[in-house]
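Could you build the full structure based on these sequences and the hints that come with them?
Protein chains in written order, with my numbering: chain A, 1148 to 1282; chain B, 1148 to 1282; chain C, 1148 to 1282; chain D, 1148 to 1282.
Derived by calculation from the structure, the hints in this document are not laboratory data.
Just so you know, not all the hints are guaranteed correct.
Identical chains blur together in the list; that is why a pair holds if it fits in one copy or across any two.
[To be verified] Simulated crosslink set (BS3-like; lysine-lysine; CA at most 30 Å straight-line):
1) LYS1280 / LYS1160
2) LYS1251 / LYS1232
3) LYS1251 / LYS1280
4) LYS1185 / LYS1160
4 protein chains.
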Amino acid sequence: MKTPEEIVNIMLKNDAFSQWLGVELLEIKLGFCRLKAKITAEMLNGFSIAHGGISYSLADSALAFASNSKGNLSVSIETSISHLKKVSENDELTATCIEINRGKTIGLYRVEIKNQANLLVAVFNGTVHISQKLW
Amino acid sequence: MKTPEEIVNIMLKNDAFSQWLGVELLEIKLGFCRLKAKITAEMLNGFSIAHGGISYSLADSALAFASNSKGNLSVSIETSISHLKKVSENDELTATCIEINRGKTIGLYRVEIKNQANLLVAVFNGTVHISQKLW
Amino acid sequence: MKTPEEIVNIMLKNDAFSQWLGVELLEIKLGFCRLKAKITAEMLNGFSIAHGGISYSLADSALAFASNSKGNLSVSIETSISHLKKVSENDELTATCIEINRGKTIGLYRVEIKNQANLLVAVFNGTVHISQKLW
Amino acid sequence: MKTPEEIVNIMLKNDAFSQWLGVELLEIKLGFCRLKAKITAEMLNGFSIAHGGISYSLADSALAFASNSKGNLSVSIETSISHLKKVSENDELTATCIEINRGKTIGLYRVEIKNQANLLVAVFNGTVHISQKLW
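What follows is the structure, given as structure tokens:
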């Protein structure tokens, strides 16, 4: 059985888009993940703030890592995000994913994204389907 | 009063991330938008399929353009997405955003994303806050 | 294999709360359901409009019937509702549930609720888990 | 300016459906509410478990009380609920609503529902629109 670190290293190594986002793994353990990313000029939208897809993508990566960390291949079914505060260029976002509930086939996770001032910028909820295939 | 085309041209011209996504505007009218994007290698995740953030970002751009097209500055409050089918490299996604409801300060929009085979790959729902500021 | 009608008759016969709501089955077929209910004084909240739970419950019943109609026991995992218009005493609501997507274990359904003037009062999205147990 | 207790007493006194649910107010303060209700036979669905609408309604009442407690009339825009564990007759549910974020016109709240064994049975997220009208 692979450890959470081994699983996430495999996932992250091949995850071109998380690499484009500059995702840095801060912490991974069973059902838990903390990621960091810095907002670059390429991530901004027409309002000169980070595109909503950036926070979503960071949260979705955190969800993928946390939900796969227990060894079963898991994929996101349904996710939602509330954008609470503007994110600007050079902001450093930290996404923390925790497990709310995990059954045999369905898991519920929550991600909170904070900026460098420790202010909550987005809340994300994700439901995953847990397969019986192992990493 | 600016037309939907004028508003979206301003938004898209300054939207670095939508440009990175290769977003192409197919159609814009009051409360409606249709966008296209092609999946590149940089958009893939560790499963070698498009990262969930790519479909989300495309949908979120469609939401931004459709909800701002009526002239009032609008920002997304809460969005959700269900990923229904895997998206692979070179797939061409079309996102169609329609207006479900629009009050004075709150609007509800839905985006459907289909691939080149016209199969539904994701459904996105977005609630926006409509400000009284005009474009 | 039971028909959609047979399945829903079993479900509805034992569904005390749907009965309390006065749910009337208008139409049931594979992956589709249409229900009706009339708003009574007992369903109102402190604003003298229908409690949000009433529209939700009607939609949730429609989801249960439509998603179970294909013969596999199905339960709701994650649902969301947007309340668009006030619902008043004596309003007659019609909830129409359609199937958006159905895999082997996960299904996505949408319910629209309209009032007697055919105005959209709520939109509901529901994800269900489809078990391998048959009705 | 009315206190949270005064506001919720007005709301609850006229809230016929919360009364039908047997909602008992355990605690109310600025942006926070805790409610209790006991599951009766009338609240069950065709699976002999509590109808999904019951947990939703309890959470929606908690949201209404917590979000109105600060003095501005507030109404729910968009809500979602994940049902995590079956709820049976005679179960005693406690719904705790906390404020996640509150701007001038939009507020985000979360409700957790636990049963008498302190197990999490549902998680609810609610976005409200905050009007400038005072209670």
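Here is what the structure says about each hint:
no., hint, verdict
1, LYS1280 / LYS1160, "within (20 Å within a copy, 40 Å between copies)"
2, LYS1251 / LYS1232, "between (35 Å within a copy, 13 Å between copies)"
3, LYS1251 / LYS1280, "both (12 Å within a copy, 16 Å between copies)"
4, LYS1185 / LYS1160, "both (19 Å within a copy, 23 Å between copies)"
When held up to the earlier numbered hints, the structure conflicts with none and fits them all.
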